[in-house]
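A.B. asks: Here is what each chain is made of, one letter per residue.
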Amino acid sequence: MPGLFAPYEQFARWCTERVFGLDPASRLGSSVEFFLYDVPKVLTLLLAVSFAVGTLQTWLQPEAVRRMLEGRRLLFGNIAAAVTGIFTPFCSCSAVPLFIGFLKGGVPLGVTFSYLISAPMVNEVAVALLWGLFGWRVAAIYIGFGVALAIAGGTVIGLLRLEKWVEPFVWEVPAAAGGVAELTLRARIAEGWRSSREIFGKVWPYIVGGIAAGAFIHGYVPEELVMRWAGPGNPFAVPVAVLLGVPLYANVAGVLPITEALAGKGMPLGTVLAFTMAVTALSAPEMIILRNVLRPPLLAVFAGVMTAGIISVGYLFNFVL
Amino acid sequence: MKIQILGSGCKKCNQLRENAEAAARELGLDFEIEKITDFGEIARLGALVTPALAIDGRLKLAGRVATPEELKPILAQG
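Protein chains in written order, with our numbering: chain A, 1 to 321; chain L, 1 to 78.
Don't read these hints as lab results, they were simulated from the structure. Treat the hints with care, as some may be off.
[Unchecked claim] Derived DSS-like pairs (lysine-lysine); straight-line CA-CA distance at most 27 angstroms: (1) A/104 with L/12; (2) L/12 with A/202; (3) A/202 with L/11; (4) A/104 with L/35; (5) A/104 with A/164.
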């Protein structure tokens, strides 16, 4: 989509030259221009994407998703669950009630996992940031690989028949039916706007901070340094990026702008994608929460399948595509 | 009436609790607030996403922090 962000580019150039009197080719000037271009662009996209997702989400409340996935067979159910997950991001504090509710509602374990992988990984903040920082193609590739990984991960867990490693109390909870309120279109849009403002309010300081750090890297960190540590010549860059991503949960907004600056200096895109997936899908707090319903062997299988999958995505992208 | 706040104890649940308390007090209701953090209990009440709010064991709202204004009609219905 060329041209969409041209006004932002002109604004950044104009501010850098006229307001700050800096040469965009200088170190400080290129940092300032980078910052002034990225911040408004990413914040605009964040508002737009989270508004769209927040509105669409009202048609896909978890109740409705559960009814749709009830008793679905392997593979077809996994595909439906992973695709639905794109539009229904949820906070990791809801992972456990969702897990119990889905299983009790008759959604198979593997299908439940596809949803649990896809929903937090393909979330509006990550998509808006990837779009703003790397372009819509990269955002689309991320969504595609994220959905593929959720389908594969859930299918593997489903085929292994690991129900015995779900904490027994989960099966003993009596099934409950909650009602879903029908909303008018107006109420749906209001809900989208509300969720968009909420996300924006929570995330913007991380974005501004992250872009400031990225702008510094852009202007001051030498390319050779990035190439040596994170460039295509380092075969371990992908697994290291994945390991670094695990403790950075909820800070995808702060760390992605830094990876953009690193990518600008030679870090390959597959490494960026793997890192983003690790931040969103392999978070330590979520693992701790899931421990409430998964016995350690199942938790280990889940973490192992995800780690292997994310690293494969990184390598596949860097070396094959 | 018993107003039940369902959630693992994150910031959002506390916010919902405060809003529910404010709304109930403004309506002049006779109420007590119960916090439910046990995952089995949350699921038994039928909440798939938290924070959620139930009144006397019936789920009324799930997945978001409603404002006191939004909560008033829900609480008034009982």
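A.B. asks: With reference to the structure, classify each hint as holding or not holding.
C.D. replies: Structure-based check of each hint:
1. Between residue 104 of chain A and residue 12 of chain L the alpha-carbon distance is near 25 angstroms, which keeps this suggested pair within the 27 angstroms criterion.
2. Between residue 12 of chain L and residue 202 of chain A, the direct Cα distance comes to roughly 12 angstroms. Compliance with the 27 angstroms bound is thereby established for this hinted pair.
3. With a C-alpha separation of about 12 angstroms, the suggested pairing of residue 202 of chain A with residue 11 of chain L holds against the 27 angstroms cut-off.
4. At roughly 23 angstroms between alpha-carbon atoms, residue 104 of chain A and residue 35 of chain L fall within 27 angstroms of each other, so this suggested pair holds.
5. For the given pair, residue 104 of chain A sits about 15 angstroms from residue 164 of chain A by alpha-carbon distance, which is consistent with the 27 angstroms threshold.
Against the hints set out earlier in the document, no violation occurs for any number.
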